[in-house]
Each structure stands twice: as C-alpha cells, then as structure tokens.
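Here is what each chain is made of, one letter per residue.
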Amino acid sequence: MTLSETQSPLLRICALTKRFGGFTALHSVSVDIRPGERFGLIGPNGSGKTTLINCISGAFRTEPGTILFRDEDITRLQPHMRTRRGIARSFQIPRPFRSMTVAENLMVALDFAAGEHVSMTQRRDTMMSILDQMGLGSKVNASTTRLSQVELRKMELARAMATRPKLLISDEAMAGLSSSEVDEVLDLLLSLASRDITIIMIEHIMQAVMRFSERVMCLDAGRIIAIGTPSEVMADKRVQEAYLGT
Amino acid sequence: MKRDGIAFWTGAVVFLAAVLVMTQVVGNQYPFFAGYVILQSIALAVAWSILGGYAGYVNFGTSAFYGVGVYASVFLVSAFGAPLPVQILTGAAIGAVMGLALGLLTLRMQGIFFSIATIALTIVIETTVTNWRYVGGAAGIQIQRPAVTPPFDSYVQMLFFVQAVLVVLAVAISRYIHNSWIGRGLQALRDDELAAECTGVPTLRLKLLACVISGALMCAVGAPAAMYLQYADPGSAFNLNYSVTTLAMSLIGGTAHWAGPIIGAILLGTTQQVLTVTISSEVNLLVLGLMLVLFVVGAPEGIVGLIYKLRGNQKEGEI
Numbered sequence: 001m002t003l004s005e006t007q008s009p010l011l012r013i014c015a016l017t018k019r020f021g022g023f024t025a026l027h028s029v030s031v032d033i034r035p036g037e038r039f040g041l042i043g044p045n046g047s048g049k050t051t052l053i054n055c056i057s058g059a060f061r062t063e064p065g066t067i068l069f070r071d072e073d074i075t076r077l078q079p080h081m082r083t084r085r086g087i088a089r090s091f092q093i094p095r096p097f098r099s100m101t102v103a104e105n106l107m108v109a110l111d112f113a114a115g116e117h118v119s120m121t122q123r124r125d126t127m128m129s130i131l132d133q134m135g136l137g138s139k140v141n142a143s144t145t146r147l148s149q150v151e152l153r154k155m156e157l158a159r160a161m162a163t164r165p166k167l168l169i170s171d172e173a174m175a176g177l178s179s180s181e182v183d184e185v186l187d188l189l190l191s192l193a194s195r196d197i198t199i200i201m202i203e204h205i206m207q208a209v210m211r212f213s214e215r216v217m218c219l220d221a222g223r224i225i226a227i228g229t230p231s232e233v234m235a236d237k238r239v240q241e242a243y244l245g246t
Numbered sequence: 247m248k249r250d251g252i253a254f255w256t257g258a259v260v261f262l263a264a265v266l267v268m269t270q271v272v273g274n275q276y277p278f279f280a281g282y283v284i285l286q287s288i289a290l291a292v293a294w295s296i297l298g299g300y301a302g303y304v305n306f307g308t309s310a311f312y313g314v315g316v317y318a319s320v321f322l323v324s325a326f327g328a329p330l331p332v333q334i335l336t337g338a339a340i341g342a343v344m345g346l347a348l349g350l351l352t353l354r355m356q357g358i359f360f361s362i363a364t365i366a367l368t369i370v371i372e373t374t375v376t377n378w379r380y381v382g383g384a385a386g387i388q389i390q391r392p393a394v395t396p397p398f399d400s401y402v403q404m405l406f407f408v409q410a411v412l413v414v415l416a417v418a419i420s421r422y423i424h425n426s427w428i429g430r431g432l433q434a435l436r437d438d439e440l441a442a443e444c445t446g447v448p449t450l451r452l453k454l455l456a457c458v459i460s461g462a463l464m465c466a467v468g469a470p471a472a473m474y475l476q477y478a479d480p481g482s483a484f485n486l487n488y489s490v491t492t493l494a495m496s497l498i499g500g501t502a503h504w505a506g507p508i509i510g511a512i513l514l515g516t517t518q519q520v521l522t523v524t525i526s527s528e529v530n531l532l533v534l535g536l537m538l539v540l541f542v543v544g545a546p547e548g549i550v551g552l553i554y555k556l557r558g559n560q561k562e563g564e565i
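Protein sequences appear in the order of chains A and B. Take the first sequence: its letters are residues 1 to 246, numbered as in this note's numbering. Take the second sequence: its letters are residues 247 to 565, numbered as in this note's numbering.
Chain B with its partners taken away, still in its complex shape:
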C-alpha cells in the first residue's frame, strides 16, 4: 500500500515537472491549446467517475457543473476582476453546494430517473444563464485576460499547467476514495443498495459525499475555461457534449479502477483532437459514437475491465 503511494506521488511530481518544462521549452502555442483540452477531459472524467463510476449513479449533468464553473469565473472577473486561483476555489465551492443540492433533490431516485433529473438540471441552469444579462445572456461575453505570471510566457501555457495541477488533484482524490472505506461503501451501494444499508453503510450520506466531491471538481475544472477561450456563451459552456464525452471516456476507460477514466480520457481526448485537426470536428463525434458502441459490445467493463479479465484468465491458466 505504502509503496503504491510513493510510486503515485513520484509519478505526479514527474508529470507536473514535465508539464512545467514543456511550457518553458516548447515555443509553438498549439500543443498547449490541444493539451489543455485533453487535460480538461481527464479531470472531468476522473471527477465524473467518483459518482458515476464508484457509486454507479450515471450523471448527465457534467455540462451543468462545468458551465457553472465557467460562469462563476465570468461573474468574478466581470464584477471584481478576481485572479485565477480565486476563480477556481470559488468554482469548487459553488460546485460543492450545487452537488449537495442536486444530491438532496435527486439521490433518492435510482437508475434512469436520477440521470433524467441531471439532464433537467443542465437545462434549467442553462436557461437561467441565457437570461442573465450581467454575464452576457444568450449573446455571450468577451473576457480580457490579465497579464501572465512568470515563469510562463503566455497565458495559455499557464492555464495548461494549472489544468495539470487540477488533474493531479482530481486523480489523488479519486484514488484516495477508491482505496478507502468510502470507495468500498460506494462500491457496495452500487452493487446492492439495500444489502449495503443492512451491512451498516449510510448509503444516502455516502452518495451525497460523492456528489459534492464530484461536483466541486467539475466546477473547478470549468473555472479556467473562461480565460482559456476569452469568451463564454451559454450554448458552449453548457453544451451536452461535455456530459456525453465525459461519460464515454469513463466508461471506455473502465470505472473499476481509478486509472480507468484517465486511460479513457487520454485515448478519446487525443483521438478527438487529432481528428478535429486532420479531418473535421464533426467526424470526431462520429468516432466517439462508434467507439462507445464497440466498447459496450466488446468490453462493457472498459479497458480496465478487459485488463482484469485477461489477467484473471492468465491466472486460471497457470493453475
């Protein structure tokens, strides 16, 4: 267990150092633009899997949380000119409160009813923001980036590094949950809620906790996006694509292990970026659909599930 922890944190430090070095060495801005989107996908998929994967509550509200994160930043910048760390922390706090509210309202519902409620949430919030003039309404709003902080040369490079930090944070939290009593409780309630209750698991409280953590992370991930695009509009910020791709990444990667959503997000995020550049942004949606169908049929437990299965077969072969 302890050795695992050391390996994980060493990996995290090496990853952040590599990202920092990249921002200092690479001059071309495009890798940072594309890399930011991939990192954002990883963080969202990891955050999603805390409720959607571990607890099995399929949340279609990723775009609601992400969009609220974006608009929290828009509001803070327009009203107070708040700096990036304040935007992210406020986003996380709003996400946590929103997660708690969503949880209290919907977590007594199970299965498809919960999922439908989360779609409804997205629509309600998007409609509200669309009618809120202060943050630009339906037309959207332009945002001026402040001066960049050294050692970074450009704001996008800095955002790239910030998003990498958020990825490490999200993965560390998800990994902690997966390996602790919280993860065991969530897994138990995903398998059988009544049996979990009768084994002493406070199912509602654990689901609320998962919803709060997942919501806080998703909003925090959305917060820097306003600065990334220098523009926000409700149609893009609350785009249902975020919900669908995040869900697809987690499911394709597999939710049985904390690394699953990372693998799925890297695979799918990179493919999407490559396709957007080489063919068109419409084709990447087609590929997403095809991959989802392939995995649902061929490997319903995702890549991680496939690895477990192969390992299991190997072990049985040895015996």
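Looking at chain A on its own, in the form it has when it is part of the complex:
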C-alpha cells in the first residue's frame, strides 16, 4: 500500500446522480481522488465527463449524492465558495473575460480567490510569475480577443492557477491543438502536478492521457465502466467497446 492510499482523499464523490428532466446524465457515480494525484477522466462524447466536472465545481446542483473536499461537505456550496476552498477549473470551450486583458483576467482571480491581506505589489508579482511559468509573460497586456487558441487555453490555466487551487480540473485543454501544442500544454500540467497540485484531466487525446495519468476513469452513459492504471483501463473490453462500438 502506497502512502497516498493511506491518506484521506482530497475529493470524495459519493453516489452522485444528475438528472436533466427525464434524462439521467450521471448514475450514482462514486470515486475518491487522492491528494497530489494525476487523474485522467475519459469517455465517449456525451458520457457525462463535463457534467461530472460541473457538479464538482458547483455549476450544476446535484440531487442525490454528496461531494466532500478535504473532508468538508461542499455539495450545497456555490461555485465561488468552492473556488475559494481550492477547486479551480478550465472550460472545454475557453471562457475568458473578453473585455479584459490577460493581466486583468488574472487579477480577478487574485482579487477574489487568493485570500485577503495581499498587497497590490505582491499580487502583480504572483501574476507575473504565473504568466511566465505558462509562457504568457509577453502577453500580459494583450486583450484576450487577440490570443491564439493555445494561448487562450494557457490563459485559462493561468487564471485557474491564480486562485491558488489544491485541485485543478482541466476540461479538454488540448482540444483542437496541434501535436506540438498538445505537448506544450501537457508539460505545463505535469509541471503543475509536480508542485503538489492534484489534477483531474479530461481528454480525448489518448497519448496525452496515457502519458499524464497515474489513474484513469472511464465513463459511459453516466456510469463508471472502468477505473485503474492507464494500461488497465485501455485493456478493458468495455472501454474498447464504448470507444469503438461493437
């Protein structure tokens, strides 16, 4: 048994169900995410990956089911309260604050989520160090409407990082990127993970999932069909069927 398995989970999802009218998007999903873990979430389109993320980040209210974060029940908390407790996310389709510059986007996070009693100079230093780390240092005063797709993805990750997350959820941050850009973003996520940030990565690009994840969970039609090491999950017949069809 490894050390991380003996620790209490960072995020515990218990019997989570989400319905949209008569359609059940998630059927009693339960999973534990360990502190510092690199967790891959895969599944065909419409399998409930983003719905699960929306439930964790608070964008959707869940009916039956509970979500515990660092042993605290956050099921009823509003999204901004969850962000302040350390859950940050990026979006499948980037959602920057379009009327703002890159710097202002990060300042919003620093103003509202990074804790009080931080001076303006300290905030600017933090912002610059995050942007440099993300390779966006030269774009600090650029309007977000002028960023390329990969820059937008990085900006979203930078904004999420500015909230000082303990858990970062990356929702298809590599979709639509070239293979060199995919490697760039993947390296970024790996470097964040090496700093004790737990990361849940939703991705369709299998190479990236295999390289990144310590553990992978596969959803299909709102149910967990496999969970384990990347190679175990890839070898699972049900996963192959879900992706390729029978």
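These are calculated hints, taken from the structure and not from any lab test. We put the beta carbon where it would ideally sit given N, CA and C, even for glycine. Wrong hints could be hidden among the right ones.
Here are the in silico distance ranges between beta carbons for each label pair [what the hints assert, rightly or not]: (1) L556(B) to S194(A): 38 to 48 Å; (2) I227(A) to I362(B): 41 to 51 Å; (3) G383(B) to N141(A): 54 to 64 Å; (4) G481(B) to G176(A): 50 to 60 Å; (5) D32(A) to I362(B): 42 to 52 Å.
Following the hints, complete the assembly by docking chain B onto the known chain A.
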C-alpha cells in the same frame, strides 16, 4: 493611481466652486432651470451605469427609482415638513432597500428577463402611487417650497447646487467602483457569469451591491425634483422617458469607463434642452431616437469605446 485621484478631486472642487460662483453671479433664472435638468441627467446616467454598464444588467426601472425618490420627498414634506437634506437621505435609504428587494427578486434572471421585470416594477409602483390619495393620487399634488437658505437667492439656484453635489457624489462612487475589485468583479460577471463564479467572484452578492448603490443614488437624485417643480404627479414622476433617456445617455457615452455616462448625459441633455427651447419638446425625442440608432450602428461601445478604438489603432500604427 494617486495622481489620478488628486486630479479627480481637484476637478470636483473646481466644478462645485464654479457652480457656487454661478449661483452668486448669474441673475437670470433660466440657466439654473435648464442646468438642473442636465445635472440630474448626469447623476441618473452615472447611477444607472453602475448596474447597467459595469454589470451589464440593463435596468429599465430608472423611472421607478426616480419616481419613488420624488414621492418620498412629497410624503416627507406633506407629513412632517422635512427639510431637503432629510428628503435626499431618506430617498437614498428607500432606494437602497428597493434596490435590494428588486435585486433579490430579479437578479437570478438574466438578459431581457431582468429588463422586463424592471419595467414591471415601474408599472406596479406607479399604479400604487396613483391610488394613494395622501400624496395626491392621479391628480398630483402641489408642494410649497420653504424659505431659501443663504447664500442662495432663489430655491432653484440652491437646488442647482445640491444637484451638482449629488453629481460629484455619484461620479466619485462610480469611479471608486470602476477602479476597485468591485468593478473588476462586475466586469468579469458581465463578460461571463459562470467563469466569474469559477474564478471566485460572488456574482449574486456583487450584483445585489450594484443594485443597492445604483438604486440609492437614483432615488436620491429624484428626491429634490419635487421641490424643483413644486408639483408631483405619477404620470410625470414615473415617466418611462427617464428610463429610456438615462439608458441612451449611458450607452451613447459608453460604459467601459466611468466618464462615459457623464459625456453622454452632457451631450444628450444639452441637445435636448436646446431643442426643447428652440424647436419643440417633441422633436427632442426624435433626435434621441436618431442618435441612439446612429450610435448603435456606428459606435456600439459609445463615445468612450470610440476613443479607445482610435487610441488602439494609433498605438498599432506606431509599432
């Protein structure tokens, strides 16, 4: 930042001093009558833009808040003979409570649904006041002005100065919000409410705050109007024109900067006054409509947006 602040407050003091000197030097009463209306427009547009501009929640309820301010004064004068400062402060307090109530009831709605709810609010309050006999009902009510306080010679001159103080107050608050974390939060939620929440912005609380401040200011601006006209009736006090012109002034000026609504209100307010005197009060509505169409097509971000755009192009040209 600090230099900006000094420049702003120096400007504000110079403006108030100029207004005070004007009341002492100019004998003709007309400039004060016309100037009061323009100042009132500026204060309303600035107050409106706190919710409508920064947060992007288009409020058609300006006339509801303004009218409540007017009738708060009417009630206070009829019941207690309350002095002007009490009327304004009570107006602001009622406006804040009304803003909070409106916010709690409607701010979960977005876009056009919020706007429709604010129109409904105006109609509900106007109907209530129309049926309230104590404040004159549908027929309206005459109000006697008390004696004027020195150094002013006439009550309208005094109201002109008071409205100038309200303008400075409204602009100072709006400027503070624009430059602070509150402004950044409102701008973030205007761009994308879910992304703002997920970045830690308490969107509902910030919207409520904007609604309370905006409502308090609008009611405070309406409070002296009863004394200005010496008469109030529901049809005028709750006239939807206030909502439309205020919105037009903010949008034409531009809501990306706190100065936008001031520029829009001066431009539109002055044009309206000139047209009312030289041609007719009906023509000024036509001009308002034309200007709104022109700006929506030619400069959707308003005058401030146009300036930003020109500056941006210039910078790119330099590179």
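Outcome of the hint check:
1. L556(B) to S194(A): 38 to 48 Å: Once the Cβ atoms are compared, 47 Å apart, the range 38 to 48 Å for S194(A) and L556(B) holds.
2. I227(A) to I362(B): 41 to 51 Å: holds, 48 Å
3. G383(B) to N141(A): 54 to 64 Å: holds, 59 Å
4. G481(B) to G176(A): 50 to 60 Å: holds, 57 Å
5. D32(A) to I362(B): 42 to 52 Å: For I362(B) against D32(A), whose Cβ atoms are near 46 Å apart, the range 42 to 52 Å holds.
The structure meets every hint from the earlier list without exception.
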